[in-house]
Structure formats: structure tokens, C-alpha cells
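> The listed protein sequences correspond, in order, to chains A and B. The opening residue of the first sequence carries number 199 in our numbering; numbering runs sequentially from there. The opening residue of the second sequence carries number -18 in our numbering; numbering runs sequentially from there.
Think of the hints as simulated: they come from the structure by calculation, not from any bench. Hints are not guaranteed to be accurate.
Think about it this way: if two alpha-carbon atoms lie no more than 20 Å apart in a straight line, the pair counts; the simulated PhoX-like pairs of lysine-lysine are [said to hold, decoys possible]:
#	chain 1	residue 1	chain 2	residue 2
1	A	266	A	308
2	A	254	B	-6
3	A	269	A	308
4	A	252	A	266
5	A	254	A	269
6	A	252	B	81
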Amino acid sequence: DQQVKQNSPSLSVQEGRISILNCDYTNSMFDYFLWYKKYPAEGPTFLISISSIKDKNEDGRFTVFLNKSAKHLSLHIVPSQPGDSAVYFCAASGGSGTYKYIFGTGTRLKVLA
Amino acid sequence: ETGVTQSPTHLIKTRGQQVTLRCSSQSGHNTVSWYQQALGQGPQFIFQYYREEENGRGNFPPRFSGLQFPNYSSELNVNALELDDSALYLCASSLPETGKAFFGQGTRLTVV
């Protein structure tokens, strides 16, 4: 049972344009969401997070939007840069207080120069 | 650089053997979680330790066990290795009040 889903395994975007990565979840108890990016041979690196009490969080070129009614969140990267090419994981936690994360399967972003 | 270090980086073991993976958490972080990431999948939660006590466990059999030490470093032990245990094992440390975890680079385990 996949509680966190990233339905696009890959995405290609031209440098300078917007990248939009999507994530859906099924568990309404989730109250904290994160995006991680992962380069080959490295561990995931925290990118940005959002609490369920907000619907938007912005950090430089990265913005995360949360739509609780649709159980959907998205990560916007503007403008996209070649160095953003990586695998992006959406993760959710909450309800149990253990801060364990449930990860999606990832979306491979390729930013073309 | 997250301050979380894992050792070894790569390991090859034979089916049936036992393995111990190690994690040094970021300074001051009292919570350590372990994840298994199979090829093409997202990380799957194995268990979490908070102040040396197990504080939550995912859907993994008892042959996956762990320890956390007073300095908050941690070990993951896997007994009776199976071929399907081949994966990247990630350690993450955090402070519960921040909700943000910092991951190490992982240990790539291959079981043959």
C-alpha cells in the first residue's frame, strides 16, 4: 500500500524554465511533508518542508504547495538550473509522533542546458 | 555535508551471514532512524532510536535489529542475510522538535 505516490518517474525541463514535481498521499494523519533531493552515490539532502497548517512555503528558488483537500503537494523550482538535475523524493510524516518518514518512489529531474 | 557519517560505504556479504552497519549522527541529534532503499524505490523506514530506546519500527522482520549508544551513534544489525536484503541502507539523524532529518551517504550492501 503506497501511502505516498510520485507518479512521474522522470521529468525533463529546459534550463531557466519552471520544474513542477508532484506528490500525492493517502493518509490524512500526515501533518508534515518534506522534499529531499538525491545525487548518485550520496544520501538524500533535505530541500524544503511544509507543515499541514500552511499551504505554501518558499525558500529561494524552491516553493512547496500543499493542497490538503486533494492530498496533493508539489515542488516548484524556478528558474531551473542544470545543477538541479537529481532524483527528488517527497516524504510525509505524522500521526505517530515517531517522525518516521514515508517516502515516495522519486522523480528523476533532468534540467537541459 | 550533513555531519552524518556511515561506515562502511560498500559491503559484500554471503547469504546467511550477519552484518553490522554503523552511523555517527550529527552533533547534538538524539534521534537516529534507519532506512532501506532498494533499487528504483524510495527509502523504507526500518526503525528509529531516541535516547537509546527503539521508538518506532517499520515492517521489517526481527532479524533487523539496532542499537543506539550514549553518544547517539547507532548500529544496524541484520542476521541471516537474504538476497533481497541487497540495498542502500541510510541513516538519518534529527532533533524531534525540528521534524527535519539529515541523511548520511548510505552503505551499499550486496548479498550474494
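> Which hints from the list above does the structure break, by number from lowest to highest?
1, 2 and 3
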